[in-house]
Amino acid sequence: MMMTIIIIIIIIIIIIIIIIIIIIIIIIIIIIIIIIIIIIIIIIIIIIIIIIIIIIIIIIIIIIIIIIIIIIIIIIIIIIIIIIIIIIINIIIITVICF
1 MMMTIIIIII IIIIIIIIII IIIIIIIIII IIIIIIIIII IIIIIIIIII IIIIIIIIII
61 IIIIIIIIII IIIIIIIIII IIIIIIIIIN IIIITVICF
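Residue numbering for the sequence shown follows my numbering, beginning at 1 and increasing consecutively.
Calculated directly from the structure, the hints in this document are not laboratory data. Each hint should be verified, as a subset may be incorrect.
[To be verified] Simulated restraints on C-beta separations: (1) Ile-56 / Ile-33: 30 to 38 Å; (2) Ile-13 / Ile-40: 38 to 46 Å; (3) Ile-47 / Ile-22: 36 to 44 Å; (4) Ile-32 / Ile-70: 25 to 33 Å; (5) Ile-50 / Asn-90: 33 to 41 Å; (6) Thr-4 / Ile-35: 27 to 35 Å; (7) Ile-86 / Ile-65: 30 to 38 Å; (8) Ile-55 / Ile-92: 40 to 48 Å; (9) Ile-44 / Ile-83: 42 to 50 Å; (10) Ile-69 / Ile-48: 56 to 64 Å.
This one's a predicted model, so the numbers in the text were calculated from it and none came from an experiment. Beta carbons are placed, not taken as given, at the ideal position from N, Cα and C, and that holds for glycine.
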């Protein structure tokens with residue numbers, strides 16, 4: 001009789017140990033999955049931030065280029081106007097001198 005009780009106790013202990021081990025394994029797996037998900041989310045956020053920064057830099061460069069082009073065009077127009085004025089003044093002077 002005593003032997004059967006001991007065997008039953010041993011079996012119960014073994015079952016409890018197995019259950020505990022299974023629970024621990026499940027918890028570890030869940031923790032690993034959560035960590036992986038967090039890492040993936042962080043990586044995605046970093047990539048999005050980098051993309052946004054690149055887009056902002058590109059926009060700034062484009063704006064600077066446009067401003068430079070506008071300035072150059074304005075300078076060219078001013079130069080052309082000055083040349084035209086000089087030519088007109090010269091023509092007037094020449095005609096006055098001639099007559």
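Structure-based check of all given hints:
Checked against the hint of 30 to 38 Å, the pair Ile-56 and Ile-33 passes, with Cβ atoms roughly 35 Å apart. For Ile-13 paired with Ile-40, a C-beta distance near 41 Å keeps the hint of 38 to 46 Å intact. Between Ile-47 and Ile-22 the beta carbon distance is about 38 Å. The supplied range of 36 to 44 Å therefore holds. Taking the beta carbon of each, Ile-32 and Ile-70 are about 57 Å apart, not inside 25 to 33 Å as hinted.
Checked against the hint of 33 to 41 Å, the C-beta distance between Ile-50 and Asn-90 comes to roughly 60 Å, which is inconsistent with it. A beta carbon spacing of about 47 Å between Thr-4 and Ile-35 contradicts the range 27 to 35 Å that was offered as a hint. A beta carbon spacing of about 32 Å between Ile-86 and Ile-65 agrees with the range 30 to 38 Å that was offered as a hint. Here the CB-CB span from Ile-55 to Ile-92 is close to 55 Å, at odds with the stated 40 to 48 Å.
For the pair Ile-44 and Ile-83, the beta carbons lie near 58 Å from each other, so the given range of 42 to 50 Å is not met. For the hinted restraint 56 to 64 Å between Ile-69 and Ile-48, the CB-CB distance of approximately 32 Å leaves it violated.
In terms of the numbered hints stated before, the structure departs from hints 4, 5, 6, 8, 9 and 10, listed from lowest to highest.
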